[in-house]
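Turn these sequences into a full structure, and let the hints steer you where they fit.
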Amino acid sequence: MKKAFLIISALLILTLSPLIGLADFSSASASTCYADAADESLEDQIEDSVEDQLGDLDLGQLEDILNNSQNADDLFGGQSFIEKLASIINGDFAEDSTSVWEAILNLIFDNLLSFLPIIATVIAVAILGGMIQNLKPNLNGKSIGSVIHFVTYGVVVILIFTIVMKMITITTDTIGSIKAQMDAIFPILLTMLTAVGGTVSVSVYQPAMALLASVIINIFTVFLMPLFLISTVLSLVSNLSNNVKLDKLIGFLNSMFKWVIGLIFTVFIGFASIQGITAGSIDGLSIKTAKFAIKSYIPIVGSYISDGFYIVLASSSLIKNAVGACGLLLLAGTILAPIIQLIVFMLALKLMAGIIEPLGDGKIASFVNTLSKNMTMLISMIVAVSFMYVILTGLVMCSANIL
Amino acid sequence: MFSSISGWVLSIAGVVSLSVIVELILPEGQLNKYIRGIFSFIIMLVIIAPLPSLVGKNFDFSNISLSEEYELQEDYIYQMNVYKTEALQNDISNQIRQSGYENVVVSVSSDNYATQFKVSAIYVELSNLVITDQAQHTNILDIEKEILQIILSRADVDEAEVHFER
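Quick note, the sequences are listed as chains A and B, same order. Sequential numbering of the first sequence, starting at 1, is according to our numbering. Sequential numbering of the second sequence, starting at 1, is according to our numbering.
Just so you know, these hints were derived from the structure itself, not from any lab. Note that the coordinates shown come from a computational prediction; the quantities given were computed from them, not determined experimentally. Be a bit skeptical, because a hint or two may be false.
Result set (SDA-like, lysine to any residue): computed pairs, CA atoms no more than 20 Å apart in a straight line [unchecked claim]: (1) Lys248/A with Ala49/B; (2) Lys258/A with Val233/A; (3) Lys350/A with Ile123/A; (4) Lys248/A with Met44/B; (5) Lys245/A with Glu23/B.
To list a few chain B residues with every Cβ distance to chain A over 10 Å, as calculated [to be verified]: (6) Val104; (7) Val105; (8) Leu141; (9) His163.
Not the full set, but computed from the structure, chain B residues with beta-carbon under 8 Å of chain A [said to hold, decoys possible]: (10) Leu72; (11) Met80; (12) Lys84.
Ideal placement from N, C-alpha and C gives every residue a C-beta, glycine not left out.
Below, the structure is given as structure tokens:
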């Protein structure tokens, strides 16, 4: 009975809602007609104020970073940083997401093609080695087999390590360039936050940003990167012979890597977000109480946003959010290529291991497989750093918005 | 710290490679088993070698400090404060004009070099005051009171810091 009543009332509301909406709409349109002239001038005022403020902002460092990165430049559509800022503030943000997908697909296929020769060579060497081992005359028994394994293994290792070395440089370069971006964009975000009036937020984010850009990045490059190298070297040695196995030691190093990265990530994100959200709400409250106090004081005055003072604040917070958005776009342009490269390489190693395993040498297959597992360490390093950066920027964008 | 770790890894790699080479060179025989055992023992020793030195060591994490401090763009904040001061001045003047008092000169003074915008004092000059039809008061004291109300509603400023000049 009760259920039926509920359903009927829900249906009633559903059927009536367009009418209510219509009434709402007509009244809204009437009021917008009424306020049209005022709105237009308000928009112009905000636009003027934004233009003035953009002229005062020093974005030189960010422009340099943008000019030095080809991928980021593509993602910005050939615009300079300040032009992109202006276009985001004006609202034409995501004009073509298809071009981004196109860029990603192009990157994937380019990388796959560039890895193909090495993949083919490694597979050929491994299969040849395996075949020789299977077909060798059973004269001198074990030791010839071992020598053949040694040689094939050496060739495979040399071939693969040329790329692994390249991947390591790519990862360190990417993390370095993320750090450079942080150093360029954090002062601007803090400046904007101060201009909007988010003093408490600034006092929270300043140490968090310094922690991320100096200590955490240092831990990544000084501690986690060597951990990856050690694990890779040990996996190389471990598959050298059947007798010496270091798998458990490698497992220890890998799980240490995972725990350290997970701990840093969780603690940092937890502290930054809880403190940031609290500080943001305190700032928002202080800004709002000021506004409410004024509004109740004089009832004659109309909308407060049309006041010049609030226009200055509103355009500052618009610029703050646009700077954050542009920073994230720049970050995406920086990490997209390396991450795709690493992922394609990792998958290529897995494919190699899969092809080598049935025909060739089991130990080579297991070495290639361990290496592909280790490549995820490099990927997770870049992803973790950029994710922390994204969250921090997002928090700054969300806090002290007064509109 | 990094050099000792790399030394540790290199010694592990070296011992393992040595054991593999020895295994290749040695002929098949009874002795082979024992040699393998000895090498396994050596590898284990190399792996655990750095552990004793870790025991009883006081790790000093105090040197991990926030070496970086981000500097705000002072110029920009200064410029923003100038904008805010101007905007506030215009707002108050407009409001006073709408209330029916013309030719009132309002000047807002604030510390523009401070990071946080704060109005320090507001000076109102009433010497050229023209009272129009919209005005509610004609007495200068009442006018001052009304203007004070307007200013206090607009700006976050101490009542004692609003100065009138007749």
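Hint check:
1. Lys248/A with Ala49/B: holds, 17 Å
2. Lys258/A with Val233/A: holds, 18 Å
3. Lys350/A with Ile123/A: This hinted pair holds, its Cα atoms lying about 12 Å apart.
4. Lys248/A with Met44/B: holds, 12 Å
5. Lys245/A with Glu23/B: holds, 15 Å
6. Val104: Holds, because the least Cβ-Cβ distance between Val104/B and chain A comes to about 17 Å, which exceeds 10 Å.
7. Val105: holds, 17 Å
8. Leu141: Since the minimum Cβ distance to chain A is about 20 Å, Leu141/B lies beyond 10 Å and the statement holds.
9. His163: Correct as stated: the minimum Cβ-Cβ distance to chain A is 21 Å, above 10 Å.
10. Leu72: holds, 5 Å
11. Met80: holds, 4 Å
12. Lys84: Cβ of Lys84/B sits 5 Å from chain A, so the hint holds.
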